[in-house]
Amino acid sequence: REGPGDTGSAMDAPSAAGLGGADPQLQRFIEVETQKQRFQQLVHQMTELCWEKCMDKPGPKLDSRAETCFVNCVERFIDTSQFILNRLEQTQKSKSAFSESLSD
Amino acid sequence: GMESGFGSDFSSGGGGGGGKLDPGLIMEQVKVQIAVANAQELLQRMTDKCFRKCIGKPGGALDNSEQKCIAMCMDRYMDSWNTVSRAYNSRLQRERANM
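Taken in sequence, the protein lines are chains U and E. Here full-length UniProt numbering is used: position 22 in the first sequence is 22, and no number is missing along the way. Here full-length UniProt numbering is used: position 27 in the second sequence is 27, and no number is missing along the way.
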């Protein structure tokens, strides 16, 4: 099952076999670093988005309301991502069922 | 410069033959470059956000209140980044536990 935020990219782990050649150590390294980078990129992206939703005027510290907002924002963003993937999968399934019945 | 890390006269500390690149060193260098890229990304986004929050109509210089605002904004952005990172990590752990 796809993990949250796994929208897929050219650097998906299976295709890392082409990089690093025959060296399994290098291959493993690329897989791990790619995974880490995907995580980092999403943190950058969500911080940016959630900042807009959760931050009013920057104060001397991050108050608990803002902190809660950020946490909720992350969860809802991932929910949104999963929702989109699931619904897309469903509409694709119903589309192919439709086109199959047409070709009869 | 970086050129010294490559080329045929480079040999690893283990006394390997000339012309062999040390994958361990390459991995370390890649990690450093990744860290640098991430820091740059963070700074770029932080600058964007804090400029928007702190600078109204651009004057002839940054005044004291603007500078204070930027300093606070930087710290809050880091706090936010860390909060998001923790929250995302928790969510990933939860998802893995459910799989």
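Just so you know, not all the hints are guaranteed correct.
Under 7 Å between C-beta atoms, here's a sample of chain U residues computed to sit facing chain E [to be verified]:
hint: 1; residue: Ala22
hint: 2; residue: Met46
hint: 3; residue: Leu49
hint: 4; residue: Glu67
hint: 5; residue: Ile78
Keep in mind that the hints were calculated from the coordinates and are not lab data. Just so it is clear, CB atoms sit at the ideal spot from N, CA and C, and this is done for glycine as well.
Comparing the hints with the structure gives:
Nearest Cβ of chain E to the Cβ of Ala22/U: about 12 Å, over the 7 Å cut. The hint is violated. Given hint, Met46/U at the interface with chain E, holds; its Cβ is 5 Å from that chain's nearest Cβ, closer than 7 Å. Checking Leu49/U against chain E: minimum C-beta separation of about 9 Å lies over 7 Å; hint violated. Contact between Glu67/U and chain E, as hinted, is supported at the beta carbon level, the nearest pair being about 6 Å apart and thus within 7 Å.
The restraint placing Ile78/U at the interface with chain E holds, with a minimum CB-CB distance near 6 Å, inside the 7 Å limit.
Hints 1, 3, counting from the list given before, are not met by this structure.
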